[in-house]
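Given these sequences and hints, build the entire structure.
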Amino acid sequence: MIISCDSSDDGTGNTDDGNGDEGTALIQESMFNTASLVSFQSITSTLEDGTTAACYEITFSSNPVASGPFCPATINDVAGMGFYDGASNPGLRVFSAALLNDIEADGYNMVNDDGTVNVDDFTSGQTDSSKSYCLAAAPDYNLLLTFIIPATLN
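All residue numbers for the sequence shown refer to UniProt numbering, where the first residue is 1 and numbers rise by one.
Hint data in this document are derived by calculation from the structure and do not stem from the laboratory. Misleading hints may appear alongside valid ones.
Derived DEER-like restraints, expressed as beta-carbon distance ranges [said to hold, decoys possible]:
(1) Ile27 to Asp114: 50 to 58 Å
(2) Thr46 to Thr123: 38 to 46 Å
(3) Leu145 to Val78: 24 to 32 Å
(4) Asp49 to Leu143: 51 to 59 Å
(5) Thr51 to Thr74: 55 to 63 Å
In this text the structure is predicted, and so the values were computed from the model without any measurement. Each residue gets a CB set at the ideal place from its N, CA and C atoms; glycine is no exception.
Here you go:
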């Protein structure tokens, strides 16, 4: 049986539940990619039934590796994949010239005369409403992901 921990810790950093049975450690800090691991600490958390349990609070950076591109810079580039629900060849598609040509054929103005693709990363301000855009949200490098999980299996 695995016991789930919530985010209510008592701040002591103590992982001893007082019963003298340390159980079997489920995870160790060495199991994680050090490039994305921000913190790894033992805490005591209060469970839904009011009891306490030893848990690990593990925090990761949200963008430890390069990702993308999700939008092609030009019609000759290949980028990510996504679902296209337009009239021409709908379905899961690779973002390539074939998809861009279908988007254009369906009446969307995403490719400029010089072959560049209109890309909106949501940081450049107001877009031209006469054009369509490939949406490539800029990553938030300050975002942290924190998980609280059981430290032992009793």
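Consistency of the hints with the structure:
A C-beta distance of roughly 52 Å is found between isoleucine 27 and aspartate 114, which places it inside the suggested range of 50 to 58 Å. At roughly 40 Å, the beta carbons of threonine 46 and threonine 123 sit within the given window of 38 to 46 Å. Look at leucine 145 against valine 78: about 29 Å separates their beta carbons, and that is inside 24 to 32 Å. A C-beta distance of roughly 32 Å is found between aspartate 49 and leucine 143, which places it outside the suggested range of 51 to 59 Å.
Separation of threonine 51 from threonine 74 is about 59 Å and conforms to the stated range, judged on CB atoms against 55 to 63 Å.
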